[in-house]
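Chains as they are written, first to last, in numbering that gives the first Met the number 0: chain A, 0 to 285; chain B, 0 to 285.
Since the hints were made in silico from the structure, they are not lab data. C-beta atoms are modelled at their ideal positions from N, C-alpha and C, and glycine is treated no differently. Among the clues, some could well be false.
Quick list of in silico lysine-lysine cross-link-like pairs, DSS-like style, CA-CA up to 25 Å [what the hints assert, rightly or not]:
#1 A:K252 / B:K199
#2 A:K170 / B:K252
#3 B:K234 / A:K265
#4 A:K250 / B:K197
#5 B:K278 / A:K199
#6 A:K250 / B:K199
#7 B:K135 / B:K148
#8 A:K274 / B:K199
#9 B:K250 / B:K197
#10 A:K125 / B:K274
#11 A:K265 / B:K197
Ranges of calculated distance between the beta carbons of each label pair, as one might list FRET restraints [claimed, not checked]:
#12 B:T51 / A:K265: 28 to 38 Å
#13 A:S42 / B:K23: 47 to 57 Å
#14 A:Y166 / B:I164: 20 to 30 Å
#15 A:K274 / B:D159: 26 to 36 Å
#16 B:D269 / A:K155: 39 to 49 Å
#17 B:E235 / A:V69: 44 to 54 Å
#18 B:Q249 / A:V69: 46 to 56 Å
#19 A:K265 / B:G130: 33 to 43 Å
#20 A:D269 / B:N261: 50 to 60 Å
#21 A:N261 / B:N26: 35 to 45 Å
There are 2 protein chains.
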Amino acid sequence: MNVFVIGLGLIGGSMALDIKTSNKEANIVGFDANEAHMEEAVSIGFIDRKGTLEDAKEADVVIVSIPVNVSLEVIPKVLDIVKDDTLVFDVGSTKANICTALENHPKRRNFLAAHPIAGTEFSGPKAAIRGLYTGKTNIVCEVEKTAFKLQERGFKIFNDLGMRIRYMDPKAHDKHIAYVSHLSHISSFMLGKTVIEKEKNERDIFDMAGSGFESTVRLAKSSPAMWSPIFEQNKENVIETLEEYIANLQKFKELMQQDDYNAIYKEMADTNRIKEILKGISIKTS
Amino acid sequence: MNVFVIGLGLIGGSMALDIKTSNKEANIVGFDANEAHMEEAVSIGFIDRKGTLEDAKEADVVIVSIPVNVSLEVIPKVLDIVKDDTLVFDVGSTKANICTALENHPKRRNFLAAHPIAGTEFSGPKAAIRGLYTGKTNIVCEVEKTAFKLQERGFKIFNDLGMRIRYMDPKAHDKHIAYVSHLSHISSFMLGKTVIEKEKNERDIFDMAGSGFESTVRLAKSSPAMWSPIFEQNKENVIETLEEYIANLQKFKELMQQDDYNAIYKEMADTNRIKEILKGISIKTS
Chain A
0 MNVFVIGLGL IGGSMALDIK TSNKEANIVG FDANEAHMEE AVSIGFIDRK GTLEDAKEAD
60 VVIVSIPVNV SLEVIPKVLD IVKDDTLVFD VGSTKANICT ALENHPKRRN FLAAHPIAGT
120 EFSGPKAAIR GLYTGKTNIV CEVEKTAFKL QERGFKIFND LGMRIRYMDP KAHDKHIAYV
180 SHLSHISSFM LGKTVIEKEK NERDIFDMAG SGFESTVRLA KSSPAMWSPI FEQNKENVIE
240 TLEEYIANLQ KFKELMQQDD YNAIYKEMAD TNRIKEILKG ISIKTS
Chain B
0 MNVFVIGLGL IGGSMALDIK TSNKEANIVG FDANEAHMEE AVSIGFIDRK GTLEDAKEAD
60 VVIVSIPVNV SLEVIPKVLD IVKDDTLVFD VGSTKANICT ALENHPKRRN FLAAHPIAGT
120 EFSGPKAAIR GLYTGKTNIV CEVEKTAFKL QERGFKIFND LGMRIRYMDP KAHDKHIAYV
180 SHLSHISSFM LGKTVIEKEK NERDIFDMAG SGFESTVRLA KSSPAMWSPI FEQNKENVIE
240 TLEEYIANLQ KFKELMQQDD YNAIYKEMAD TNRIKEILKG ISIKTS
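Go ahead and model the full structure; you've got the sequences and the hints to work with.
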């Protein structure tokens, strides 16, 4: 099986690592706009050799793991040149735009729109890790638009990676993911910003920070090159979640201003049921 | 050494566990307003027996690990009945109120105001863990107001627990801790609330949540009984941090509305330096 990976960062790199393990005969060629990343990928060993976009022509499977704005340009071009029986799948965090962009592409049936819910706050080839996808959910959109034989090929790979599949409409995907992923990133980035701004005036503040702060701002380490296009493509949904979040914070502040600590207690007690919900996540990802 | 622990939850329990290990001769009596918690503490074994507040009379060291509003009532009463050479220290997350409340207490020199920067999102005796304090910072306020001999006794305990001491004015403590701890808790609680509210209408949303969401809402599992009084006692500082946080979120939203994704990128890139800061925290807490 000839696999061609476009984008050799955390997501593409981790996928290549595990494909190499589960499929000894896989020949993996990689391309990245960043030459240094290609060198690293060869030296880490998750690709067999560096390639150019032209290598898509020889591939049985093309994995597109690049920022979602670049995908919009690259995937149509890749589909233009691949063989009739090549599977091209993406792994982007937004799904509506790419599905719309490819709606009328003559090779639409060669494309599978996917979003594996997996990652860390790190990026680049060195961030690639084995087993990243084990036990995780992979959201597949508009599955009926992909040729049946190519669906099968994709699902075999996802299955080997240990993922479970969930089918979803691209618009519903983008709406839901804004809440459980995109908003978390903004809340974390802005928390980091608020504290860093303060530190300018008050030295040593971070000496007082503990593991709770660390957990809450972890996502503020994430790559702006990856996240800025995600927010752009999911603008409407993200703004809606932000407005709800800001309104909740505003209400919390007002309750404090009114010294209504019974209501503050209740706000927190009601939200404590996140424990049960997180238990569900832990079971899923463990 | 007779140790009397008031409040047998995560903080007091974890401290008792490690004191028992480092000081075999320590006789630890515990009191908790919740009878079931006392039973659990005996059965887990971190206290030798259940007590009443009267046990403070026999103690060499009294550890007060209860919600900060209850501390304001309990600590003066405890100081009233302890021996002249008993050390009483608290571990509360706010320091200005308790220091002011005890300012003119005849036994002020028996009291040491402390805040160990350690914890988890869990609570109660069963949440107590060994080594919770190893490598963590303990903030001590108004150290000069504590009798020198009793300071020494306290520092011996903190040292045995593996903590490093940092001295701070109570007002400065409350101001800084609002940024690096109290605000994180509110951001996490309100993130949880925003997503849970949505879930009412949209089932299965949590199937899409990954480890990033889990990390960001972890603190929303925290105890309302502990946190509501902290927010009350640190009202002014917490409101200030909330206003800055809301303003930053608002600005982020406006940049999105203006389609200024270069500025969005810059906001995130600037905040990425939290990586270096968190490295500092990790070294400190590892």
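Worksheet entry | Hint numbers not upheld by this structure, sorted from lowest to highest | Hint check: 14, 18, 20 fail, others pass.
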